[in-house]
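Asker: With chain A fixed as given, assemble chain B onto it according to the hints.
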Amino acid sequence: MKDTLANTEKKTAYILTLPAVALVFAIILFPIFANVWISFKEVELKDIRIPEPRAKKIVKSISEDPSKIKILYKLRNSSLLQEIRDVSFQDKFPKNFEITDLDKRCDYKKYTLKCKFGNWPAKYRENFTVVFKTNDGSKINKNSLKSTKPKLNGTSDNILLNTTFTLKNFKKVLLDDEFIDLLLTTFYYTFFGTVGSIIFGILTAQMVNQKFYGRTFMRSVLLFPYVAPVVALAYTWELLLDPNSGTLNSLLINYQVIETPINLLGQKYIEINILGFDLKLRLALTTVIMFEIWRYFPLAFLFILARLQAIPKELYEAADVDGASPFQKFFKITLPQITAVISILFMIRFIWNFNKFEDVFLLTGGASGTRTLPINVYQQGFAISDIGMGSAVSIVIVVLLLLFMFFYFKLLGKRVDEN
Amino acid sequence: MKTKNLILFALISSFFLIFLVSIWKILATLQGLDIQNFNLQIIFIFGLLISFAHLRIGNKIKIFYKSIIFSFIFVVCDGYIIQKLPLWYNIGIFLVLYFFVNKINKYSFEDLKREHSTQVIFFDFLTLFGILFFSFVILFPFYMMLITSFKTQIALLVNPLDFSINFGQDLKDLFNSYFVIFKSYKFGKYILTSTIVSVGTVIITLLFAIPAAYAIARLNFFGKTFMSTSILIIYMFPAIVLVIPLYTIFSQLGLRNSIEGLLIVYTATTLPVAIYMLQGYFKSIPKELEEAAILDKLSWFGIISKIIIPLSIPAISSVALYVFMIAWNEFLFSLMFLDNPNSFTLSRAIQYLSGDAETPRQYLMAGSVIVTLPVLFIFVYFEKYLVSGLTAGSVKG
Chain A
190 MKDTLANTEK KTAYILTLPA VALVFAIILF PIFANVWISF KEVELKDIRI PEPRAKKIVK
250 SISEDPSKIK ILYKLRNSSL LQEIRDVSFQ DKFPKNFEIT DLDKRCDYKK YTLKCKFGNW
310 PAKYRENFTV VFKTNDGSKI NKNSLKSTKP KLNGTSDNIL LNTTFTLKNF KKVLLDDEFI
370 DLLLTTFYYT FFGTVGSIIF GILTAQMVNQ KFYGRTFMRS VLLFPYVAPV VALAYTWELL
430 LDPNSGTLNS LLINYQVIET PINLLGQKYI EINILGFDLK LRLALTTVIM FEIWRYFPLA
490 FLFILARLQA IPKELYEAAD VDGASPFQKF FKITLPQITA VISILFMIRF IWNFNKFEDV
550 FLLTGGASGT RTLPINVYQQ GFAISDIGMG SAVSIVIVVL LLLFMFFYFK LLGKRVDEN
Chain B
65 MKTKNLILFA LISSFFLIFL VSIWKILATL QGLDIQNFNL QIIFIFGLLI SFAHLRIGNK
125 IKIFYKSIIF SFIFVVCDGY IIQKLPLWYN IGIFLVLYFF VNKINKYSFE DLKREHSTQV
185 IFFDFLTLFG ILFFSFVILF PFYMMLITSF KTQIALLVNP LDFSINFGQD LKDLFNSYFV
245 IFKSYKFGKY ILTSTIVSVG TVIITLLFAI PAAYAIARLN FFGKTFMSTS ILIIYMFPAI
305 VLVIPLYTIF SQLGLRNSIE GLLIVYTATT LPVAIYMLQG YFKSIPKELE EAAILDKLSW
365 FGIISKIIIP LSIPAISSVA LYVFMIAWNE FLFSLMFLDN PNSFTLSRAI QYLSGDAETP
425 RQYLMAGSVI VTLPVLFIFV YFEKYLVSGL TAGSVKG
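One line per chain: the protein sequences are A and B, in this order. Counting in our numbering, the first sequence runs from 190 upward without gaps. Counting in our numbering, the second sequence runs from 65 upward without gaps.
FYI, nobody ran anything at the bench for these hints, they're computed from the structure.
Taking lysine-lysine pairs in the PhoX-like style, the calculated list, with each CA pair at most 20 angstroms apart, reads:
1. A:K259 <-> A:K245
2. A:K199 <-> B:K351
3. B:K361 <-> A:K200
Excised from the complex, chain A in its bound form:
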């Protein structure tokens, strides 16, 4: 009895979870495997359309004899690259129709015209005509003929499904001259964006953790950049930083801080002089990182604030009794309490920043030294239309992420052991 109850429970559980699991499997897990598959293939954007046989039906009445009609089918293979095999054709006609001369590939039975056209090579075209007449001599209504559409079928190779594989994509990705640069850019973007947002998160959380008027309002305001749509924010920043009539440049010129406008999003390098050293700074990349920090520090802020509010007050009171300074209190009490949250945040933000596409895409489109790996996926796959290459780059992303997670957990595990 108990066993059957457990069985029904199991069955119910599978029924309840099945739709969600199936959908996630189809849209998230299956594409990941498909990605590996595609990355070993030479596929371009134009190859992924399945070739289909097409026919355009044109009805022409014959002026001398209204009981006769000529129908022209413009047949073609939609693909410029692949052949279609065993094309079959089918079209229906009214019950009083008789065919005058039958093409030898065709067959007219039960008022249905069936043809077998055999194989069509790529770019194949043919004008196929048939002439009909009515068996009772009545007039033909052209419109009723136009309304029925011919059905065509054929088999063709789906380039994605064949089993020829190549390592070409990975060779091209990894041996590319710019690959090291691409990695470095991605790393700078991810690392500084992550560290920056965590530092700002600590500062703001520390700030909001104190009592002041309008604190709840402040908390919502701090979250605005995180919840607002990225498209709106990116274009607003672009406008703000515009070299010609952007607000920031105009302000700086107005206050005579700079003489000529700086193209913050369009200039790859800027030379700055610090203590007599000439430094070359990646300007556009820095700006993009700034945007990233601005947009994502709220997440760090929320996590850290939640942790700060859970620190027992007694710790601080005891420190006050011992005469600790605010700096000491921060470094000796607060910081050790939030390290666990920070290490989780670092991982989450690192992974998400590593895959960030929209922000850079909308701000610079990957120009002026801001091309990161996710941008490269898009550029290879859709700008150069090499789907296989795009897939290979995204596989590189996944491998790097897995490596990062592996080492990060190892490092973290060690530190936990030491403690």
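Answerer: For chain B alone, kept in the frame of chain A given last:
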């Protein structure tokens, strides 16, 4: 020791004053005032003088009169004599100074003698500075977005610093950009598409997630722990990796440029987090209620619809709001899957609009305001429910 503290206090407070006045000056410049420099030295000297004078006078005069006197002196010297600026600017400066004097009023000679007094003062001012700085840095782009959408192209080009809006003009002229994007760029249609997609995603996600979350929270079955851990791993998985295979599959199935295609992808990407949040809440519902229901021979459908759902309305609605926000803000998949303007969502439409260099930017900003407002409205209005969910990591980004 005492002189050192005194000097540090004066320095910190005058730097804070410089910051306060600078923000006001920037805002005033953006209202079209011709302010070419901050006069930092003068503000700095005034800051020092006010701090010293404040400590010297102490409590001999009432704080109210003291603030007014200091502020008034500052305004007369800085605003009228040196820069000859209009009245509203000087009222602003007066209020800034009044605020400042009230802030430094907390500190007296006795405080400065205490241990760590400079650090305490430093932290106090840092907090204040932080609050103002972050509010300014965060709100300024939003402010600019809103103001630009009300300006005309000529006004923007003539003086990019003039953020003032002429409220005297016709409402039709004021909202001109909004009228244009609705009329010529079909924004009404895009809003409709975005709404259908977002609301549709919410409904389908909830339909799939509630039973699954219930099963994970309550029932025992093989693969349960595996399922609940893999939810989070799947959630961490990058969307950019899914883009190419989904694009190829959707092209072959003819799902590109269709609302159905977007609905499928959005639902699949929001499902893991919805299940994760819901099962956490379902676990907190007392089991006894269901046990009674099982005795009453209620099926699982009955249990979910009659007991679980009514008891977890707050959790379900916050999940619904999140899913709505995620779907509404989504950009990557709409960029990949939609290239026919008839099926654009709002985000995609704005991106498409910006692709044309000729598009006046006030239209772009009007579009941005339209896409931002609903999200911010939901967020501010339901803030209490949403913040706890954000801490659970519900919005990926």
